[in-house]
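Novice: The chain contents come next:
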Amino acid sequence: MNLSLTLTINGERREIVLDDPRVTLLDLLRERLHLTGAKKGCDRGQCGACTILVDGERINSCLALAISYDGAAITTIEGLAEGDKLHPVQQAFIEHDGFQCGFCTPGQIMSAVGLIAEGQACDDPERVREAMSGNICRCGAYKGITEAVIDASGKLSAGKERDAA
Amino acid sequence: MNLFEYVRPASVAEAIAAAGEPNSAYLGAGTNLLDLMKGGALTPARLVDLTHLPDLGSIETLPDGSTRIGALVKNAALAHDTDFAKRFPVVAEALLSGASAQLRNAATVGGNLMQRTRCPYFTDTASACNKRQPGSGCDAIGGENRSHAVLGWSENCIAVHPSDFCVALTALGAIVEIEGTTGRREVPITEFFLLPGDTPEKETVLEAGEMIVAVRLPAEAAKLAANQRYLKVRERTSYAFALASAAAALTIENGAITEARLALGGVAPKPWRASEAEAALVGKAPGKEAFAAAAEAAFAEAKPSGDNAYKIELGKRVVARVLAMAAAGTPERMPALPASAFAPLPEGVVNV
Numbered sequence: 000m001n002l003s004l005t006l007t008i009n010g011e012r013r014e015i016v017l018d019d020p021r022v023t024l025l026d027l028l029r030e031r032l033h034l035t036g037a038k039k040g041c042d043r044g045q046c047g048a049c050t051i052l053v054d055g056e057r058i059n060s061c062l063a064l065a066i067s068y069d070g071a072a073i074t075t076i077e078g079l080a081e082g083d084k085l086h087p088v089q090q091a092f093i094e095h096d097g098f099q100c101g102f103c104t105p106g107q108i109m110s111a112v113g114l115i116a117e118g119q120a121c122d123d124p125e126r127v128r129e130a131m132s133g134n135i136c137r138c139g140a141y142k143g144i145t146e147a148v149i150d151a152s153g154k155l156s157a158g159k160e161r162d163a164a
Numbered sequence: 000m001n002l003f004e005y006v007r008p009a010s011v012a013e014a015i016a017a018a019g020e021p022n023s024a025y026l027g028a029g030t031n032l033l034d035l036m037k038g039g040a041l042t043p044a045r046l047v048d049l050t051h052l053p054d055l056g057s058i059e060t061l062p063d064g065s066t067r068i069g070a071l072v073k074n075a076a077l078a079h080d081t082d083f084a085k086r087f088p089v090v091a092e093a094l095l096s097g098a099s100a101q102l103r104n105a106a107t108v109g110g111n112l113m114q115r116t117r118c119p120y121f122t123d124t125a126s127a128c129n130k131r132q133p134g135s136g137c138d139a140i141g142g143e144n145r146s147h148a149v150l151g152w153s154e155n156c157i158a159v160h161p162s163d164f165c166v167a168l169t170a171l172g173a174i175v176e177i178e179g180t181t182g183r184r185e186v187p188i189t190e191f192f193l194l195p196g197d198t199p200e201k202e203t204v205l206e207a208g209e210m211i212v213a214v215r216l217p218a219e220a221a222k223l224a225a226n227q228r229y230l231k232v233r234e235r236t237s238y239a240f241a242l243a244s245a246a247a248a249l250t251i252e253n254g255a256i257t258e259a260r261l262a263l264g265g266v267a268p269k270p271w272r273a274s275e276a277e278a279a280l281v282g283k284a285p286g287k288e289a290f291a292a293a294a295e296a297a298f299a300e301a302k303p304s305g306d307n308a309y310k311i312e313l314g315k316r317v318v319a320r321v322l323a324m325a326a327a328g329t330p331e332r333m334p335a336l337p338a339s340a341f342a343p344l345p346e347g348v349v350n351v
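Heads up: the sequence lines are chains A and B, in that order.
Residues 0 to 164 in numbering that gives the first Met the number 0 are what the first sequence lists, from first letter to last.
Residues 0 to 351 in numbering that gives the first Met the number 0 are what the second sequence lists, from first letter to last.
In isolation and in its complexed conformation, chain B is listed as follows:
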């Protein structure tokens, strides 16, 4: 790990000023940052430690009914907050399907949004990577790329975004609160993450020094609590990143879907809102036919970026199944294996 300057600001304003210096990085828990620094993939000259800042660690309901999650709230604390998990069960299930208990106890909400791809060519400093070293090329293209993107990728980068939490936030239309030298601004999470295009090193809309102070879930998202699920297919049942995942939330009235939310993980460079699939579901009776059509719509634009054509079929099956699981209803209790394809299925959910 390179030597760095350690700065502990006393306020958000001090933090922003300190992080405005070139080659600075914010430190939350550091569970991803320190890992990347140990491997030499990231070499910040200055770490600005946010963990001692006051007022960024609470979960609150605002007067307009929205829920505001401070950037320093731990992943585990959010998932196990009984009131929060009741109102946003898909978020809790997604959180508990990610990482390990130790990591969830340390990792923060803001840090989850800022975590980097697990593309092995990004972490290996001997490989070409346009994210790590702009213009150096992409060794994932033509390399070992079975875990890479089938949606939204470019000729410069085919890496996927690793988060589960952000997939659920994307389905529910979360807002990211950002503070910088020019004040506070709010960005919908669907616009917060950028596609790689010609600048894969630019992953979010954050400018130098800007920091995430909170993530907000709008009041209407809580209305979907009765029918929400997250499903994540991975190479082992626990403590693994998604090959393909999906978060679904439905409102079902008088035998028809009146509102649908769907986002995909593990298949694109950013958490992927599947708007066409959502539109295809509205007005339909919940069932195999509607879910299969939504799955087709979700992956209509998908293209393999290498040895990963299987992800398109896998992704469709994940979508169809998570919709069936959501239609069956949010379980009373968090399943023993959150978001697992190996968990017992609700009644009526078969062969999808």
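Excised from the complex, chain A in its bound form:
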């Protein structure tokens, strides 16, 4: 059984050999590559704490077999900031109190980055809540999370317009 795969993780190409086909992307990241930002909450696709981007799109890494994602580009929370400069979504979560205990936060932030990239409207709180319903926050920081997504979305699209001008 050929269980070798190539992944680009946070911009870095990695050749990986698995000893077991059952390894999920989440377990690969956390247990073997020591990227522990993505969290194992329910491990069944219900809580969203394990959200990462695969080829730019947010998915639940707990329900993804690593071997099946051979060739994919993966972004985790560790790959968002540029050195000490936080990603606008990370900054917005701080400014809007978008978390309390922080356990769901990497998943919330990756989900928000994915959502903003999807280009669906992020200005309406109802649409943001609906689009973020795959991320559970037991502390109930939803109000701050919604505000952070709307704020970051506005800043990112303003940035895009500036770059285009």
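There may be inaccurate statements among the hints.
To be clear about the criterion: a stretch of chain B counts as covered by chain A if any three or more of its residues have a C-beta under 8 Å from a C-beta of chain A, and this derived list gives those stretches [stated by the list, open to error]:
| hint | stretch |
| --- | --- |
| 1 | 164-171 |
| 2 | 243-251 |
| 3 | 269-283 |
The calculated EDC-like cross-link candidates involving lysine to aspartate or glutamate, where the alpha carbons are at most 20 Å apart (straight line), are [to be verified]:
| hint | chain 1 | residue 1 | chain 2 | residue 2 |
| --- | --- | --- | --- | --- |
| 4 | B | Lys37 | A | Glu117 |
| 5 | B | Lys37 | A | Glu30 |
| 6 | B | Lys85 | A | Glu117 |
| 7 | B | Lys37 | A | Asp42 |
Per the computed footprint, the stretches of chain A lying under chain B, defined by three or more beta-carbons under 8 Å from a beta-carbon of chain B, are [to be verified]:
| hint | stretch |
| --- | --- |
| 8 | 10-23 |
| 9 | 31-45 |
| 10 | 109-115 |
| 11 | 118-126 |
| 12 | 138-148 |
None of these hints come from the bench; they were simulated from the model.
Quick reminder that beta carbons are idealized off the backbone N, C-alpha and C, glycines included.
Given chain A, put chain B in place with the hints provided.
Specialist: For chain B alone, kept in the frame of chain A given last:
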């Protein structure tokens, strides 16, 4: 999760040959399969990974005007395809009312058809379940069954089919393209899913090794685009399975319904085409009276399978309301809460 052999075929023919071996399963995104394997409800010895196969990931319009959706198209990609959503808005609304954004980004069209029931006795390996272990019995009967079927169930199984997407496909008369060792065949989605009867473990017409390669929507389905809606009542506004849902599409000419399509979700072991209700609508003026009569027709054969008699009344109200919503017209923009009973109602749609 049990250990399995991982196979990555290079072609559909290789995939079919590999999956013909006993106890094999096809792997799409795996969002449902891996969940069931983690809980031990499914224990395939071999996974045949379809995700690297070429040519199964596009949405195309064929010369006869029908639309062909490759089995590996992601649920989100289909729902957000502007051209597709314009022609088949009820399909887009149904897709966006299901699962979460993360799951929709991963889950495939073929996988949506092949997903298993969320009956908790199917997922719990300590319970008797005729689907999981034929002949073992059904702990849902006499158990916690308020979310179970009121149409099409049998003494062997009362589970419901969980899909929203398939309900919209059923309303629009989709065709499932299947490939197997003996070649390609096409099956209308209304015949693709089987009722439980005495063999609840057999959920579709697929034989060993056969795979779904595409789903097709006939050209005439696009003619109903102006009046299509999906409505889904669930225990929370987002990211929950239907207690009762319905997809409706209407053609209204000179104040009368000339064509009606209606399918129900969350109430039966398969996506349920309500043909009697459709027939009852044709020739009628769109309005409360016609919609109430269609709702009665849709649930005329319904019987509770346990603590779920409420679903019959709920289902009727869902039908009457979705027909009123469809008659009011497909919205210009996808509602903020797709298919939600809590979304603002179109003008004139009240008390149904």
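Novice: Closer than 8 Å Cβ to Cβ for three or more residues is the test here. Does the stretch 138-148 of chain A pass it with chain B?
Specialist: violated (count 0)
Novice: Hey, B:Lys85 versus A:Glu117, does the alpha-carbon distance stay inside 20 Å?
Specialist: holds (18 Å)
Novice: Please verify the coverage claim for the stretch 10-23 of chain A: does it have three or more residues whose C-beta sits within 8 Å of some C-beta in chain B?
Specialist: With 4 residues in contact (Cβ-Cβ under 8 Å with chain B), the coverage given for the stretch 10-23 of chain A holds.
Novice: The stretch 243-251 of chain B covered by chain A? Criterion: 3 or more residues, Cβ-Cβ distance below 8 Å.
Specialist: Violated - the stretch 243-251 of chain B has 0 residues with a Cβ nearer than 8 Å to chain A, which falls short of three.
Novice: Three residues minimum, CB to CB under 8 Å: does the stretch 269-283 of chain B make the cut for coverage by chain A? Let me know.
Specialist: violated (count 0)
Novice: Three residues minimum, CB to CB under 8 Å: does the stretch 31-45 of chain A make the cut for coverage by chain B? Let me know.
Specialist: holds (count 3)
Novice: At least three residues with a C-beta closer than 8 Å to a C-beta of chain B: is that true for the stretch 118-126 of chain A?
Specialist: holds (count 4)
Novice: Checking one constraint from the list: CA of B:Lys37 to CA of A:Glu30, max 20 Å. Satisfied?
Specialist: holds (18 Å)
Novice: Within 20 Å, alpha carbon to alpha carbon, are B:Lys37 and A:Asp42?
Specialist: holds (9 Å)
Novice: Need the status of pair B:Lys37, A:Glu117: alpha-carbon distance at most 20 Å?
Specialist: Roughly 30 Å between the alpha carbons, so the hint for B:Lys37 and A:Glu117 is violated.
Novice: Under 8 Å between beta-carbons, do enough residues of the stretch 164-171 of chain B, three at least, approach chain A for the coverage claim to hold?
Specialist: That given contact is violated, which follows from only 0 residues of the stretch 164-171 of chain B lying within Cβ reach (below 8 Å) of chain A.
Novice: Are there three or more residues in the stretch 109-115 of chain A whose C-beta lies within less than 8 Å of some C-beta in chain B?
Specialist: Since 3 is at least three, the answer is holds.
Comparing the model with each earlier hint shows violations of hints 1, 2, 3, 4, 12; every other hint is respected.
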